[in-house]
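2 protein chains.
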Amino acid sequence: MKVKKFLNYMEEIGVKKAVILKKENINYFLNNYFPFAIALVFEDHPYLYVGKLDKDYASSLDIEVREFKNWKEIFNNCDAVEEELPIKFLKYLNDYKIISDKIREMRAIKDKDEIKKIEKAVNIVDRVMDYIYNNICYYNNEMILCAEIEYLMKKYGSIKPAFESIVISGKKTSYPHALPEDKKIEDILLIDIGAVYEGYCSDITRTFILNNNEEMKKIYNLVKSAKEIVEEHLKEGVKTGYLDELVRKHFGEYNNYFIHSLGHGVGLEVHENPNFRENITLKENMVITIEPGIYIKDKFGVRLEDMYLIKKNKAKKLSNAKMWEDEI
Amino acid sequence: MKVKKFLNYMEEIGVKKAVILKKENINYFLNNYFPFAIALVFEDHPYLYVGKLDKDYASSLDIEVREFKNWKEIFNNCDAVEEELPIKFLKYLNDYKIISDKIREMRAIKDKDEIKKIEKAVNIVDRVMDYIYNNICYYNNEMILCAEIEYLMKKYGSIKPAFESIVISGKKTSYPHALPEDKKIEDILLIDIGAVYEGYCSDITRTFILNNNEEMKKIYNLVKSAKEIVEEHLKEGVKTGYLDELVRKHFGEYNNYFIHSLGHGVGLEVHENPNFRENITLKENMVITIEPGIYIKDKFGVRLEDMYLIKKNKAKKLSNAKMWEDEI
Numbered sequence: 001m002k003v004k005k006f007l008n009y010m011e012e013i014g015v016k017k018a019v020i021l022k023k024e025n026i027n028y029f030l031n032n033y034f035p036f037a038i039a040l041v042f043e044d045h046p047y048l049y050v051g052k053l054d055k056d057y058a059s060s061l062d063i064e065v066r067e068f069k070n071w072k073e074i075f076n077n078c079d080a081v082e083e084e085l086p087i088k089f090l091k092y093l094n095d096y097k098i099i100s101d102k103i104r105e106m107r108a109i110k111d112k113d114e115i116k117k118i119e120k121a122v123n124i125v126d127r128v129m130d131y132i133y134n135n136i137c138y139y140n141n142e143m144i145l146c147a148e149i150e151y152l153m154k155k156y157g158s159i160k161p162a163f164e165s166i167v168i169s170g171k172k173t174s175y176p177h178a179l180p181e182d183k184k185i186e187d188i189l190l191i192d193i194g195a196v197y198e199g200y201c202s203d204i205t206r207t208f209i210l211n212n213n214e215e216m217k218k219i220y221n222l223v224k225s226a227k228e229i230v231e232e233h234l235k236e237g238v239k240t241g242y243l244d245e246l247v248r249k250h251f252g253e254y255n256n257y258f259i260h261s262l263g264h265g266v267g268l269e270v271h272e273n274p275n276f277r278e279n280i281t282l283k284e285n286m287v288i289t290i291e292p293g294i295y296i297k298d299k300f301g302v303r304l305e306d307m308y309l310i311k312k313n314k315a316k317k318l319s320n321a322k323m324w325e326d327e328i
Numbered sequence: 001m002k003v004k005k006f007l008n009y010m011e012e013i014g015v016k017k018a019v020i021l022k023k024e025n026i027n028y029f030l031n032n033y034f035p036f037a038i039a040l041v042f043e044d045h046p047y048l049y050v051g052k053l054d055k056d057y058a059s060s061l062d063i064e065v066r067e068f069k070n071w072k073e074i075f076n077n078c079d080a081v082e083e084e085l086p087i088k089f090l091k092y093l094n095d096y097k098i099i100s101d102k103i104r105e106m107r108a109i110k111d112k113d114e115i116k117k118i119e120k121a122v123n124i125v126d127r128v129m130d131y132i133y134n135n136i137c138y139y140n141n142e143m144i145l146c147a148e149i150e151y152l153m154k155k156y157g158s159i160k161p162a163f164e165s166i167v168i169s170g171k172k173t174s175y176p177h178a179l180p181e182d183k184k185i186e187d188i189l190l191i192d193i194g195a196v197y198e199g200y201c202s203d204i205t206r207t208f209i210l211n212n213n214e215e216m217k218k219i220y221n222l223v224k225s226a227k228e229i230v231e232e233h234l235k236e237g238v239k240t241g242y243l244d245e246l247v248r249k250h251f252g253e254y255n256n257y258f259i260h261s262l263g264h265g266v267g268l269e270v271h272e273n274p275n276f277r278e279n280i281t282l283k284e285n286m287v288i289t290i291e292p293g294i295y296i297k298d299k300f301g302v303r304l305e306d307m308y309l310i311k312k313n314k315a316k317k318l319s320n321a322k323m324w325e326d327e328i
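Line by line, the protein sequences give chains A and B. Heads up: the first sequence at position 2 corresponds to 2 in the numbering used here, and the numbers run straight through without jumps. Heads up: the second sequence at position 288 corresponds to 288 in the numbering used here, and the numbers run straight through without jumps.
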């Protein structure tokens, strides 16, 4: 289906030979996770270039496989490439069209098979988060907890972490991005992790308050209720800018502490279309995250992130990891 | 030192503003592992662009930090870029020079600080391999063993696997690259893994024969002795093509089963200069792997890989993980 759709598109725009180098785009058309590919070429049919050493291994793929000889052969008569193409290949090209927008557009709407794989990747993180929720008292070091989390994800079927796992505590949570260190877990713990299942990613965040700080609890509940407000409005036809505004209004005086985008598409890449910064209208079968957060400099930060499948009347929440609850 | 050397080079070739996007190049000049950078710019001094959300976190780095606004600002008056630059940025450029060769050349020769980091990354894998050597009898599943290996690497200080860990057994070892599956470990086990310490990689392979197959033992000893022959000749001034020929001669009738390059440089990337395919003359303080292998189709494969620091009179072997020994 994907291949046919893309071949039709090539005909439409008058392209005879497209060369695809981006790994995620190759895996998209392969319907498979194969990290050893060198290039995917579309002429009247698609074929895959791999190194001599990978030719036997690639023969199990459902595609014609050719042995890589040189780049000149691959780009010979090529008239369409991705916008990510490194400029070192320009010498092989004359005139070319860019096919990235079309592939991004195709990839933004997930088919049944893709949704299943994403659900698997989500489920892996759900299981890990629930384990952490129940056993958090046994961990007191960021690095060790992170190692345990990645071990469990792998054991549950993840190929690798979808991105550098964020397992941080204390003041460090005031940075939206930070890396775990060989450091005691204290006060507040933020876990933002993703699994990869057959190439498809998940991306989920939980924050746990470990002390009795009232300000933390207040901010936590503000972030939590912001996510719930978005969930009520999440369905086909809604604009991402509208959702962002809902959250910012709800945050009130804390609006300036929400210093990143409300969410993003997820699939073969952990950040892909829809791009929330472009104020996109959500469509059926898009898979997105919603991740409101408040970061108070030199103090702490709270972020909560879940994944959703956009549907006509109401989005389906894909992630169901337990959330820390304020007992008050 | 690196920064000064690069600024001198810019002056030499008449470049006023260089933009660097490649993560490993950015980390190289930062002397730090910072995966959240957007661009490193060199004018009369270097400065780093990061997203608004990462500005506070980046302030601990020893470099001027600027907030990313748009690409136009970054590329304004830029006259030098990397060859990996995506073509989508061409619209911001007029004439430009390519600075990749110089950076590759600089990165191929490691300084003391880099060597220390690589030794740490090597030591992590040594420890893991020794654990596996002593406990292999307790594992019978590729995926689970791989999860355990990555867990131990992380626990011992690795940020992440340096590449997709190859933990495969049986006939699958006849593929130089293959991924672990939820599958019983049998007959022969090949483990090719790497750690990342402060951005610097290691890359080490061990093969364990788990049955009594005489052909496997014969091939194993042939690969092992090939590596030893290379070790005897490994020092500054030797050409990689010469080393490759030594191995191919030693392999005799099995020469055609050695279907990849003998080794590669290692540093911030697991494959970097020196590129063995270019028949490079080895220089002092290059860090390389030597990895002879024999792959017999539909049967099995054996690969052994160690890491070395090139020195004037004799290379220093960096990796010391135990090797399976034929007891005969």
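Treat the hints as calculated values from the structure; they're not laboratory data. C-beta atoms are modelled at their ideal positions from N, C-alpha and C, and glycine is treated no differently. Where hints are given, some of them may not hold.
Restricting the straight-line Cα-Cα distance to at most 20 Å, the calculated cross-link-like pairs of lysine to aspartate or glutamate (EDC-like) are [to be verified]:
hint: 1; chain 1: A; residue 1: LYS97; chain 2: B; residue 2: GLU84
hint: 2; chain 1: A; residue 1: LYS16; chain 2: A; residue 2: GLU82
hint: 3; chain 1: A; residue 1: LYS172; chain 2: B; residue 2: GLU272
hint: 4; chain 1: B; residue 1: LYS155; chain 2: A; residue 2: GLU181
hint: 5; chain 1: B; residue 1: LYS120; chain 2: A; residue 2: ASP182
hint: 6; chain 1: B; residue 1: LYS297; chain 2: A; residue 2: GLU67
hint: 7; chain 1: A; residue 1: LYS52; chain 2: B; residue 2: ASP298
hint: 8; chain 1: A; residue 1: LYS88; chain 2: B; residue 2: GLU105
hint: 9; chain 1: A; residue 1: LYS88; chain 2: B; residue 2: GLU278
hint: 10; chain 1: A; residue 1: LYS120; chain 2: B; residue 2: GLU245
hint: 11; chain 1: A; residue 1: LYS17; chain 2: A; residue 2: GLU82
hint: 12; chain 1: A; residue 1: LYS316; chain 2: A; residue 2: ASP187
hint: 13; chain 1: A; residue 1: LYS5; chain 2: A; residue 2: GLU181
hint: 14; chain 1: B; residue 1: LYS235; chain 2: B; residue 2: GLU119
hint: 15; chain 1: A; residue 1: LYS88; chain 2: B; residue 2: GLU272
hint: 16; chain 1: B; residue 1: LYS55; chain 2: A; residue 2: ASP298
hint: 17; chain 1: A; residue 1: LYS183; chain 2: B; residue 2: GLU198
hint: 18; chain 1: A; residue 1: LYS72; chain 2: A; residue 2: GLU84
hint: 19; chain 1: A; residue 1: LYS88; chain 2: B; residue 2: GLU198
hint: 20; chain 1: A; residue 1: LYS17; chain 2: A; residue 2: GLU119
hint: 21; chain 1: B; residue 1: LYS171; chain 2: A; residue 2: GLU284
hint: 22; chain 1: B; residue 1: LYS2; chain 2: B; residue 2: GLU215
hint: 23; chain 1: B; residue 1: LYS91; chain 2: A; residue 2: GLU82
hint: 24; chain 1: A; residue 1: LYS160; chain 2: B; residue 2: GLU164
hint: 25; chain 1: B; residue 1: LYS52; chain 2: A; residue 2: ASP182
hint: 26; chain 1: B; residue 1: LYS55; chain 2: A; residue 2: GLU67
hint: 27; chain 1: A; residue 1: LYS91; chain 2: B; residue 2: ASP298
hint: 28; chain 1: A; residue 1: LYS91; chain 2: B; residue 2: ASP95
Across the chosen pairs, the derived CB separations fall in these ranges [claimed, not checked]:
hint: 29; chain 1: B; residue 1: LYS184; chain 2: A; residue 2: ASN255; range: 53 to 61 Å
hint: 30; chain 1: A; residue 1: GLU284; chain 2: B; residue 2: LYS317; range: 52 to 60 Å
hint: 31; chain 1: A; residue 1: ASN285; chain 2: B; residue 2: ASN279; range: 34 to 42 Å
hint: 32; chain 1: B; residue 1: ASP62; chain 2: A; residue 2: SER261; range: 28 to 36 Å
hint: 33; chain 1: B; residue 1: TYR131; chain 2: A; residue 2: TYR133; range: 26 to 34 Å
hint: 34; chain 1: A; residue 1: LYS116; chain 2: B; residue 2: GLU84; range: 29 to 37 Å
hint: 35; chain 1: A; residue 1: GLU67; chain 2: B; residue 2: LYS2; range: 34 to 42 Å
hint: 36; chain 1: A; residue 1: SER261; chain 2: B; residue 2: ARG248; range: 52 to 60 Å
hint: 37; chain 1: B; residue 1: GLY252; chain 2: A; residue 2: LEU61; range: 27 to 35 Å
hint: 38; chain 1: B; residue 1: LYS183; chain 2: A; residue 2: GLU284; range: 48 to 56 Å
hint: 39; chain 1: B; residue 1: GLU105; chain 2: A; residue 2: ASN313; range: 56 to 64 Å
Structure-based check of all given hints:
Between the alpha carbons of A/LYS97 and B/GLU84 the distance comes to roughly 19 Å, so the proposed pair stays at or under 20 Å and holds. Restraint check for A/LYS16 and A/GLU82: the C-alpha separation of about 15 Å stays at or below 20 Å, so the hint holds. About 34 Å separates the Cα atoms of A/LYS172 and B/GLU272, which puts this hinted pair outside 20 Å; it is violated. For the proposed pair B/LYS155 and A/GLU181, the alpha carbon gap of about 11 Å is at most 20 Å, so the pair holds.
The straight-line distance between the Cα atoms of B/LYS120 and A/ASP182 is roughly 15 Å, inside the 20 Å bound, and the hint therefore holds. The suggested pairing of B/LYS297 with A/GLU67 holds, with an alpha-carbon distance near 17 Å, which does not exceed 20 Å. Pair hint A/LYS52 plus B/ASP298 holds up; C-alpha atoms about 16 Å apart against a cutoff of 20 Å. Distance restraint check for A/LYS88 and B/GLU105: the Cα-Cα separation of roughly 17 Å lies within the 20 Å cut-off, and the hinted pair is therefore satisfied.
For the given pair, A/LYS88 sits about 18 Å from B/GLU278 by alpha-carbon distance, which is consistent with the 20 Å threshold. Distance restraint check for A/LYS120 and B/GLU245: the Cα-Cα separation of roughly 48 Å exceeds the 20 Å cut-off, and the hinted pair is therefore not satisfied. A threshold of 20 Å between alpha carbons decides the hint, and for A/LYS17 with A/GLU82 the separation of about 12 Å falls inside it, so the pair holds. Annotation: proposed proximity of A/LYS316 to A/ASP187 is violated, straight-line Cα distance about 33 Å (limit 20 Å).
Proposed proximity of A/LYS5 and A/GLU181 is contradicted: the alpha carbons are some 46 Å apart, above 20 Å. A threshold of 20 Å between alpha carbons decides the hint, and for B/LYS235 with B/GLU119 the separation of about 18 Å falls inside it, so the pair holds. Simply put, A/LYS88 and B/GLU272 have alpha-carbon atoms about 17 Å apart, close enough for the 20 Å limit, and the pair holds. Restraint check for B/LYS55 and A/ASP298: the C-alpha separation of about 13 Å stays at or below 20 Å, so the hint holds.
Note on A/LYS183 and B/GLU198: the hinted pairing holds, with a Cα-Cα distance of about 16 Å set against a maximum of 20 Å. Pair hint A/LYS72 plus A/GLU84 holds up; C-alpha atoms about 18 Å apart against a cutoff of 20 Å. For the given pair, A/LYS88 sits about 29 Å from B/GLU198 by alpha-carbon distance, which is inconsistent with the 20 Å threshold. Using a Cα cut-off of 20 Å, the hinted pair A/LYS17 and A/GLU119 is violated, with the two alpha carbons roughly 34 Å apart.
Under the criterion of a C-alpha separation no larger than 20 Å, the hint pairing B/LYS171 with A/GLU284 is inconsistent with the structure, at around 44 Å. Restraint check: the Cα-Cα separation between B/LYS2 and B/GLU215 comes to about 50 Å, which exceeds 20 Å; the hinted pair is violated. Pair hint B/LYS91 plus A/GLU82 holds up; C-alpha atoms about 15 Å apart against a cutoff of 20 Å. A C-alpha spacing of about 8 Å is found between A/LYS160 and B/GLU164, which places the hinted pair at or below 20 Å, so the restraint holds.
Taking the CA atoms of B/LYS52 and A/ASP182, the gap is near 26 Å; set against the 20 Å cutoff, the hint is violated. The hinted pair formed by B/LYS55 and A/GLU67 fails the criterion: a straight-line CA distance of about 45 Å is larger than 20 Å. Note on A/LYS91 and B/ASP298: the hinted pairing is violated, with a Cα-Cα distance of about 40 Å set against a maximum of 20 Å. Between A/LYS91 and B/ASP95, the direct Cα distance comes to roughly 15 Å. Compliance with the 20 Å bound is thereby established for this hinted pair.
At about 56 Å, the beta-carbon gap between B/LYS184 and A/ASN255 stays in the expected band of 53 to 61 Å. For A/GLU284 and B/LYS317, the Cβ-Cβ distance of about 58 Å falls inside the hinted range of 52 to 60 Å, so the restraint holds. About 52 Å separates the C-beta atoms of A/ASN285 and B/ASN279, a value inconsistent with the hinted range of 34 to 42 Å. A hinted range of 28 to 36 Å for the beta carbons of B/ASP62 and A/SER261 is consistent with their spacing of about 29 Å.
The supplied range of 26 to 34 Å is met by B/TYR131 and A/TYR133, whose beta-carbon atoms lie about 30 Å from each other. One distance hint, 29 to 37 Å for the beta-carbon pair A/LYS116 and B/GLU84, holds here, with the actual separation near 34 Å. For A/GLU67 paired with B/LYS2, a C-beta distance near 38 Å keeps the hint of 34 to 42 Å intact. For A/SER261 and B/ARG248, the hinted distance range of 52 to 60 Å is satisfied, since their beta carbons lie about 54 Å from each other.
A hinted range of 27 to 35 Å for the beta carbons of B/GLY252 and A/LEU61 is consistent with their spacing of about 33 Å. Checked against the hint of 48 to 56 Å, the C-beta distance between B/LYS183 and A/GLU284 comes to roughly 38 Å, which is inconsistent with it. Separation of B/GLU105 from A/ASN313 is about 60 Å and conforms to the stated range, judged on CB atoms against 56 to 64 Å.
Comparing the model with each numbered hint stated earlier shows that hints 3, 10, 12, 13, 19, 20, 21, 22, 25, 26, 27, 31 and 38 do not hold.
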